[in-house]
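Based on the provided sequences and hints, a complete structural model is requested.
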Amino acid sequence: MRILLVDDSKTMRNIQKSVLSQLGYTDIEEACDGQDALSKVGAYAPEMLLVDWNMPNMDGLTFVKTYRKTDKTTPIIMVTTEAEKSRVIEAIKAGVNNYVVKPFTPDLLGQRIRETLDKTGAKAA
Amino acid sequence: MDASYITPFVASIQNVFSTMLQLPVEIGEPTIKSNPHPEFDISGIIGMSGDVVGSVVLSFPTETAVSIVQLFTGMEIDAESDDFADAIGELVNMVSGGAKAAFPDNKRVSISCPSVVIGKGHRIAGQSDTPCVMIPCQTDCGEVVIEVAIKQVTAAAQAA
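Residue numbers (our numbering), protein chains in the order written: chain A, 7 to 131; chain B, 1005 to 1164.
Careful, some of the hints might be misleading.
[Stated by the list, open to error] Residues from chain A that keep clear of chain B, each with C-beta distances beyond 12 Å, as calculated:
{"hint": "1", "residue": "Y31"}
{"hint": "2", "residue": "D33"}
{"hint": "3", "residue": "S45"}
{"hint": "4", "residue": "K75"}
{"hint": "5", "residue": "G101"}
{"hint": "6", "residue": "T126"}
[What the hints assert, rightly or not] Covered by chain A, per the in silico footprint, the following chain B stretches (three or more residues, Cβ under 8 Å):
{"hint": "7", "stretch": "1013-1024"}
{"hint": "8", "stretch": "1092-1103"}
Simulated from the structure, these hints should not be mistaken for laboratory data. Where a beta carbon is used, it is the ideal one built from N, C-alpha and C, also for glycine.
Laid out in structure tokens, this is it:
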């Protein structure tokens, strides 16, 4: 499965890559903000995306809204420090399939990924 | 600043450090920052805007920051490298994000992308009209200080 990680923090991308690798996902592309992600989705054609909210140049919410104009189905998990209920609702309305609040344990991220793939019917690996 | 805007930072740093670093944090007595300013080696800074404005700073001595970044990333990272600043920035991002979600009255607050200052003996100066509360935090890696200099925005100020 091709997974695109969108986060301006290299530290956070590395942590997520490590969790994904433990779950058996090793085909991973990285983007450092929403603009970078938009420039990569065409060629990479991700089958799942993990997207941060607060990023420079283009934030995660704007990215999700833009991406959803052309792709309605690829699962997106928002992984962010934005923990308010209103933000979660805003993200879901924009087209996010699941939500993980930072800080997270590897187990929680793994659980959310499995849930998301089950719910969306995407292939598991 | 009402204590209900300070206690979320205590809970948040304990949550972030225990979840991401498996590092317990013991909280000391918060004080109002006054002259002479304390000096630090490494500081991660986040701005807040919206219903609450101001800044949040997470400051460390270099040795403490190096140990904490090693726990966070699983690697020994030189304090001069971009990756080190990135890790410090992500820590202050998580502490601030967790705290603002626990502010009273469902305040709508946005946080900026973090900035990181690296330089022995630097001082952080805030806005003169906003008192700064310093929260000392003791860990097995050394002392970390959270500086919270925020204030609520009044309805009149928002309308102006």
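Query raised in the report: Quick check: which numbered hints come out false for this structure?
Result: none
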